[in-house]
Amino acid sequence: VGIMPPLMDTEVAEVVGRRVRSGDRVEAVEVQGFFIDIDKPWHILEANTAWLAHMASSHTQTVVDPSATIEEGAVIEGPAIIGAGSFIGRDVKIKGHVWVGKNTRIVDGVILDANCVIGNETLLRGYAHIGSFSTIGSRCEVGHASEFQGILMDGAYAFHYGEFWGILGRSSDLGAATVCGTLRFDDQNTMHRIKTRKEIPRSDHANAAFLGDHVRTGVNAILMPGVKVGPFSIVGPGVILREDLPSRSLVYVKQEQIRTSWGPEKYGWQG
Numbered sequence: 011v012g013i014m015p016p017l018m019d020t021e022v023a024e025v026v027g028r029r030v031r032s033g034d035r036v037e038a039v040e041v042q043g044f045f046i047d048i049d050k051p052w053h054i055l056e057a058n059t060a061w062l063a064h065m066a067s068s069h070t071q072t073v074v075d076p077s078a079t080i081e082e083g084a085v086i087e088g089p090a091i092i093g094a095g096s097f098i099g100r101d102v103k104i105k106g107h108v109w110v111g112k113n114t115r116i117v118d119g120v121i122l123d124a125n126c127v128i129g130n131e132t133l134l135r136g137y138a139h140i141g142s143f144s145t146i147g148s149r150c151e152v153g154h155a156s157e158f159q160g161i162l163m164d165g166a167y168a169f170h171y172g173e174f175w176g177i178l179g180r181s182s183d184l185g186a187a188t189v190c191g192t193l194r195f196d197d198q199n200t201m202h203r204i205k206t207r208k209e210i211p212r213s214d215h216a217n218a219a220f221l222g223d224h225v226r227t228g229v230n231a232i233l234m235p236g237v238k239v240g241p242f243s244i245v246g247p248g249v250i251l252r253e254d255l256p257s258r259s260l261v262y263v264k265q266e267q268i269r270t271s272w273g274p275e276k277y278g279w280q281g
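Going letter by letter, the sequence shown gives residues 11 to 281 in my numbering.
Be aware that a few hints might be false.
FRET-style restraints, in silico, Cβ to Cβ [stated by the list, open to error]:
#, residue 1, residue 2, range
1, GLU82, ARG194, 40 to 46 Å
2, GLY273, GLU209, 31 to 37 Å
3, ARG203, GLY33, 40 to 46 Å
4, GLY95, VAL229, 31 to 37 Å
5, GLU37, ARG203, 34 to 40 Å
6, SER67, GLU253, 48 to 54 Å
7, GLY248, LYS208, 25 to 31 Å
8, GLN71, GLY248, 30 to 36 Å
9, ARG28, PHE242, 39 to 45 Å
Treat the hints as calculated values from the structure; they're not laboratory data. We treat Cβ as the ideally placed atom computed from N, Cα and C, and that holds for glycine.
Using the sequences and the accompanying hints, generate a full structural model.
Put into structure tokens, the structure is as follows:
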């Protein structure tokens, strides 16, 4: 990023130039299809979107394993692959180009938008909504009235309520009503700081939230656009997180409370 290469790092173009000048043979590989250099958090979402679009381009038929169950009343609008032992309940709506792994349950009115992958032994329930171009890992759970779009890695949970767009790392847990802000009042992308360097990404995913492995959020936590939370950290109940939180950190609200007397006489009648 920028003009100068990072300290203690060798710039690829410089190395190639030196080898050419010294007479060495330098071979190139022409990329077929798309290529994404993944070294920033938002690049993971870009790669996920590109790969799911690539998968969808050759996905034309619905294939249901003989051991899978699709209940009457479930709606599958487009091509889907349903793995062995999986269960699709009534009132579930799948909008096509969806891949479901083995022994996964999708029940109780869940909506799956197009171009989604759901892993093995995962539970989607209670009118959850999974946005397009999402990847849900294995042994995950997305519960009642949760809205999720992005990448949910293995063993992560979004039990109920809440709205999240971004990446949730392995074995992480979103507390009830955790909300991820994605739209700034100035309609611009968030400035990120990566290894002390500032950058405003030219990416549709710049305002997503990026949470590492083993992260937990408390009830009613609010994650502002573009925040990053390191592994093994906790965002406490009611916190409005505006800046990145390093790994192995805890942030919580210090609340001042006022107590006074109260009773039925305040309403003008006696109890």
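Going down the list of hints, with the structure as the test:
Our hint of 40 to 46 Å for GLU82 and ARG194 holds, since their Cβ atoms are close to 45 Å apart. Between GLY273 and GLU209 the Cβ separation comes to about 58 Å, which falls outside the hinted range of 31 to 37 Å. Evaluation of the 40 to 46 Å hint for ARG203 and GLY33 yields a pass: the beta carbon distance comes to about 42 Å. Checked against the given bound of 31 to 37 Å, the beta carbons of GLY95 and VAL229, roughly 34 Å apart, stay inside it.
The hinted range of 34 to 40 Å is satisfied by GLU37 and ARG203, whose Cβ atoms lie roughly 37 Å apart. Evaluation of the 48 to 54 Å hint for SER67 and GLU253 yields a failure: the beta carbon distance comes to about 39 Å. Between GLY248 and LYS208 the C-beta distance comes to about 29 Å, which sits within the given range of 25 to 31 Å. For GLN71 and GLY248, the hinted distance range of 30 to 36 Å is not satisfied, since their beta carbons lie about 48 Å from each other.
The hint said 39 to 45 Å for the Cβ distance between ARG28 and PHE242, and at roughly 41 Å that hint holds.
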